[in-house]
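Visitor: Take a look at the letters that make up each chain.
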Amino acid sequence: MYAFDIERPTSLTDAVTALGREEAQALGGGQTLIPALKQRLAAPSVLVSLAGIAEMKGICMNDAGLLCIGGGTTHGTVAKGAVAHYPGLADLAAHIGDPAVRNRGTIGGSLANNDPSACYPAAALASGVTIVTNTRSIAADDFFEGMFTTALEEGEIITEVKFPIPEASCYIKFEQPASRFALVGVFVAKFAEGVRVAVTGASNNGVFRWTAAETALSANFSVGALDGLSVPAQDMIADLHGTAAYRAHLVAVMAKRAVAAAK
Amino acid sequence: MPKDSVAGTGIGASTKRREDVRFLTGNGNYTDDINIHGQAYVHFLRSDVAHGRIISIDTSAAAAMPGVVKVFTGKDFEGVGSIPCGWQVTDRHGEVMKEPAHPVLAQGKVRHVGDPIAAVVADSLAEARDAAEAIVFDIEELPAAVNMKAALEPGAPKVHDDLSDNLCYDWGFVEENKGAVDEAIRNAAHVTTLELVNNRLVANPMEPRVAVGDWNKSSDDYTLYTTSQNPHVIRLLMGAFVLGIPEHKLRVVAPDVGGGFGTKIFHYAEEAFCTFAAKACKRPVKWTSTRSEAFMSDAHGRDHVTKIELALDKDNNFTAIRTETYANMGAYLSTFAPSVPTWLHGTLMAGNYKTPNIYVNVKAVFTNTVPVDAYRGAGRPEATYQLERVIDMAARELGVDPIALRRQNFITEFPYATPVAVEYDTGDYPATMDKLEEIADLAGFAARRAESVAKGKLRGLGVNCYIEACGIAPSNLVGQLGARAGLYESATVRVNATGSISVMTGSHSHGQGHETAFPQVVAEMLGIDASMIDIVHGDTGRGPMGMGTYGSRSLAVGGSAMVRATEKIINKAKKIAAHLMEASDSDIELKDGKFTVAGTDKSVAWGDVTLAAYVPHNYPLEDIEPGLEETAFYDPSNFTYPSGAYCCEVELDPETGKVTIERFSAADDFGNIVNPMIVSGQVHGGIAQGVGQALLENCAYDENGQLLSASYMDYAMPRATDVPFYTVDHSCQTPCTHNPLGVKGCGEAGAIGSPPAVINAVIDALNSGGHKVAHMDMPASPSRVWAAMQG
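Protein chains in written order, with the numbering used here: chain H, 1 to 263; chain R, 1001 to 1791.
Any given hint might turn out to be false.
[Claimed, not checked] Derived CB-CB ranges, DEER-like:
1) R:D1033 - H:F221: 48 to 54 Å
2) H:A238 - R:T1193: 27 to 33 Å
3) H:D14 - R:A1787: 49 to 55 Å
4) H:A238 - R:K1307: 25 to 31 Å
5) H:A238 - R:P1066: 42 to 48 Å
6) R:Q1480 - H:A238: 55 to 61 Å
7) R:K1568 - H:P35: 53 to 59 Å
8) H:D5 - R:I1036: 31 to 37 Å
9) H:D5 - R:M1717: 48 to 54 Å
In short, the hints are calculated from the structure, not lab data. Being a predicted model, the structure only gives us computed values, none of them experimental. By construction, the Cβ of each residue, glycine as well, lies at the ideal position given by its N, Cα and C atoms.
So here's chain R without its partners, still in its complex pose:
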């Protein structure tokens, strides 16, 4: 793609985000802003025990309460399907994973705190809540399975009575490599072993989940308004698997969505409930999650317990990596939960390094906790964290420079086929590390450390690299890996008569700035101003089937679909222009929004051609149809592989254990970039979330399965004062070779690359001033740092 339009509104221009005007002035249209005449409200009665057998539920008193429309329990949903799982993993013995039923409302047992027992639909939310308190129920509390390793012990409480145990699957990757890996570790000159926890997180998007179900009794059509990253996927999962509603009778709308971070990918019981109840009650039914409900019903993220071994030869070359991970699934399989610790994690274990032998084992475990699924980065942060921590630890054990050790082992030739089944197309890891050393001023660290020491503080510096596989696709590959859906993307480019354009995309924006960046791509191709182009998304009734936004895939996959559809537009428009100028199609050039006959001064404007398409008085009707609207589906041939090198510098107060981030630098290679300002913003936000995981956030359960961090009083979110001014750079660009834009994706990078940088820096600080701490788990909160320092 040309990159000479940086000053305009095309590719490469840092145009301001047009959607921010409505977001920042309170004019966004979020799901909770949608109120339909006659709507009723649902309140869910949720379990306050982690595990229990439902002996009885008596809703008669509740049903008689003022304003109550109907009270539902699990019995009302016996005729509908289970909340489905979208990915099936096959284990190392060739067995498919265990896949327990997930009813819309609990049936027989409750399996986590927050599991819905019953639902009250009433004229007002207050009446629904009042009536829910009048539901009389008897739940026999059972011992809970909470700790993953304990949950796999014989005799542990079983989350699902119909399963033999709590093991969902025992996955080996690549199983055939195991022997060679074991041997390489036996023969290694040095093996560094690290056991770590990747802490459980709550995504906490600013907007909590909301669902409004509506049913039209004259047409028998349903509409679900929901806070989703992928309305088409919800339509497919809920329509086909839960409620049995065909696509043409079900419209799913996800309007403005205030942050998703993965947790709004999944199909949730509340969506199915509101859609089902709308017909049962013959009224629209609305649910708005409270923040307290969000903590116990939004899918959580991470929660891995891992042992990783890194083997090196006598020259410090990496020879093998072996990992064993316990991955928490929670009580039910959320939509993409099984794929996160496997295909989104195991395939990334090579990182940026040419390690010849790699074996990854993952045991996925059911527990009496909220389901766990993808959260910004999904599997890739877990892979990156353990790899970059064990490399740092190896460098410390061997007394070598951690950057030099990384450089020595970098992959330098592309394409590179890893031993974990993926092929990196492009990258230049030494270049991003060079850039990092420059922007992070590594040379000045010693002086800055001395300043900290003079103040009675410790200072540490941590560096790491990351690679991610994003642009989540291609369909034929993910199908082999167990995905139950395709991972293409679609775009319809609708050119209107006067030349303005609506682009319908299957991608969805929930803060990423698609409404600004996507028009830049089309504007660049057509040579028109981006303000003539609008993006339409988030409505299955208005655009072609699409797979939504996650895995940093929107521009790489959705943008590529837009390019393909726009190419079709250009081809057809050139034919129309040729006719108007009585020239040959092949002589027509499109530049700056004008069609010219090559080598002449004959031209027609963009608007003349588009008008002719819809007012075809002078038009080659015998050759082409009127109108100017094209659709393309794009299915890439590979993932994309952004990479980068990050550096964090912390100051640590040894008296209190408090860590403050003094500097943070990120050098990323995202391939080509459409809007540098938006990319920087994505990196900033990603780092903030990574810093949150590294220093603050910790979703904790007690041994009975009670959620200890159930509100912001105990769950620490990062705030503006917790993060520094970042230095981010994305000038290292090795374009992706297999998509037409050469883009790689940037949404998750910050959250993937930053936790190991922060912890490496904390550990560096904790190995200065006479201290010696080999490892500590996230979050490096003051009390935990202090405890680590006490030994």
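Chain H extracted, bound-state conformation:
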């Protein structure tokens, strides 16, 4: 680790101010950033911890029927707090990393980082969330711009994520054997107006919607509707843990399992 200053604001306003400092970096749960710092792969001059901002934490249902989760809410809190409202999302949160990760890592941090193997981006994209920041609201379809890339501006903070609640949903991931991140993860969300399917872990472009599956499932929400459908392998990640063809194959397998288990 290189030396750095740390700021621990207790309000969003103070956090925004602190992030205005030169080479400042927001720190959520630190589950990605802290290891990077330890390896000297990042060298911010000041870390702005968002962990002490009460207004960015918590879960509630709003009047429009959206599940609103503060950007600083940990996976562990979502795993427990979303069960009654959105079981598919709660289940996803309950299976991110291990207990230590779930008790530190936050939804805002995960979405802002947009790791191509992270779980939350699939939930956000499949649910069609609205991502609220300190300056604006961004639709999920506009937010994810490729691996580790999002629509966020410098210093912009995710304060809240608003989830429409589907009639049925399920997230199934196939874990990479070493890291246990999603080698392929598929979130299926069935809404009255149609089905959304988001895939994480698989693509060189990060999380994406599998539109052919969405069309098929919107017409007929059944495992059989996916028969014969596949994603093209050429955009898939190929590494030690799987070829592009394997990942493309797993997308269909995981999607079917998610449809079968959706509730």
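We have chain H already, so just place chain R on it with the hints.
Guide: Then chain R, alone, in the frame of chain H:
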């Protein structure tokens, strides 16, 4: 040895591990817990290219950085020796192996990713790291030799410019057998040929390596604290060959060590560096490996590419085995690297079977990768894997039952001299197979397979046998085979005045439970409670010269030394007791910690005798010396030969390729057993590591010599959920005939016996449900299984 004390604390009792109290409460004293007043910290600048010529290194800016004590490069070590290799192999043409220099810090070239280029010693680790980034160096990257077969092609990049090529040796064993083997294969009714890879592994002990060097300017004595399995060996190798420090001026301490698995046997450059730098800087110097450094500087394991042929006659009797193996040495010869694919591998190729003709060829190859050396089992897992895989494949090709084929070819008469130069003293392979069939419930497999199929899964069952040669010794034999050290073990039994005992052993415990098991042996012999006995180990300043712990040798060799020393104690104590009771020595009996005159009710307690030895007021001073302390060195006449039969049952998801282990059963013959609970634990851990190799672990380099699996993000270690509840049994016991305890060793068995069981099971699953896969290499990870199923 008597075995009637199972309820007490002697041999046969499953007493709890006394060392676990401190390990589990955070009170262990590991090398990183050692901090010496005034100590400085070293950070190594390591190569990020696999092969390169050092054009220039400028350390001037780094030396001027805050807190920097001194910056070292290879030039500072021109006057010291090379990191030595402890074993010299002679090849099939009578030539000795090529043995390139291994400098403490790189000189002229860097030869693998992680090769240290320079070292910064500073007041703090952070300052050392900062300064290392200020070192300006120019390294001309060269093409790398990575793939072994390509590295042997003419024109391949040479790892060492002063060698003619990258071939370390071309070993044939037994060379005189080759003609007969070739002929037997030509005349065979059936030959099964299998080409396979024994995957490269990173040992990954929980505790990374650490070294603290200290130098005393008033006495000119050095002390090295290090994470070692054999501190005496480090003292010898580093003192005599690298730094030129005589033994009486160098103390090596290996305190609590958090796992070794072989990778902490070897003498490493960082140890020599810290010892050397302590004097150069006139300050203690500490290095603690990061996990990232461990991946690129701890010796790796395995990495063999093998072709094996098994010949059978028309009645399915094995008639010949011929193997050709490429064994990766990495960039330099680690301490015991040359012995692993040769004497620890070729000599085991007979396995449990009476195959009359065997020939083993091994080509050891230098590559631009981390050095490869012994890892749990060392050579024996590689031998067992190829043999037990080719037998399974032969059974499948011939349409015969794989267990029946094995049984038909079992060695059944002992002692048995193999065609590969070793003599098995005892064993009962049909008995362990009978036991396995019972505990694994083979009869129930068909029903369990049907259940899996009903869930859309495939199920497979794999069985294999293993034999290992352990209790690594005897010195005169290993000397003929190229070892540059003896392989005896030592023990000093120091009985204190009040009767408590300290046993100094040259063995070293890094998780095996010696502090619990060794006192059981001495307690059994003396008839006293084991709690009166402590084990002292891991410090060349406190015990006699010993050779350390590896090759499942500690109890068989070190325990035997303890028995010999304790026998001397008993002899002397009986003389003292006889004097105290005014009886003849020959009438004295020792039982339950009490000396009695045979046939009388006269007795003296253990403590009376020990007190008399140190307060010799009433004592036969004219006949024996005061005191009660004895040392013995034990050098056995043969290896020991544990054996066993293992069974693995897997379920395989054909949609994803994911394999899960549903059942795992192990029937082992370890001879006599001192602490059954510890033995079971050793088998459990060994199987977990074998399962890791079979399903998960894969140390991978790309074609440029970049380490692809350089962290736990990409290197998959087995976790609790990856292994089942094991069924282990060690009731089959054919005691070793040539050591006084009749023990055989159990530390490596699980890691040797389990990989073929797992892969045989995976292949069995992949030949059900209409699938047909003849072989796949380890690890059977989901993507690889799926790929194998696609053909």
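Visitor: So, for every hint listed, does it hold in this structure?
Guide: Right, here's what the structure says about each hint:
no.	hint	in the structure
1	R:D1033 - H:F221: 48 to 54 Å	violated, 59 Å
2	H:A238 - R:T1193: 27 to 33 Å	holds, 31 Å
3	H:D14 - R:A1787: 49 to 55 Å	holds, 53 Å
4	H:A238 - R:K1307: 25 to 31 Å	holds, 29 Å
5	H:A238 - R:P1066: 42 to 48 Å	holds, 45 Å
6	R:Q1480 - H:A238: 55 to 61 Å	violated, 50 Å
7	R:K1568 - H:P35: 53 to 59 Å	holds, 56 Å
8	H:D5 - R:I1036: 31 to 37 Å	holds, 33 Å
9	H:D5 - R:M1717: 48 to 54 Å	violated, 36 Å
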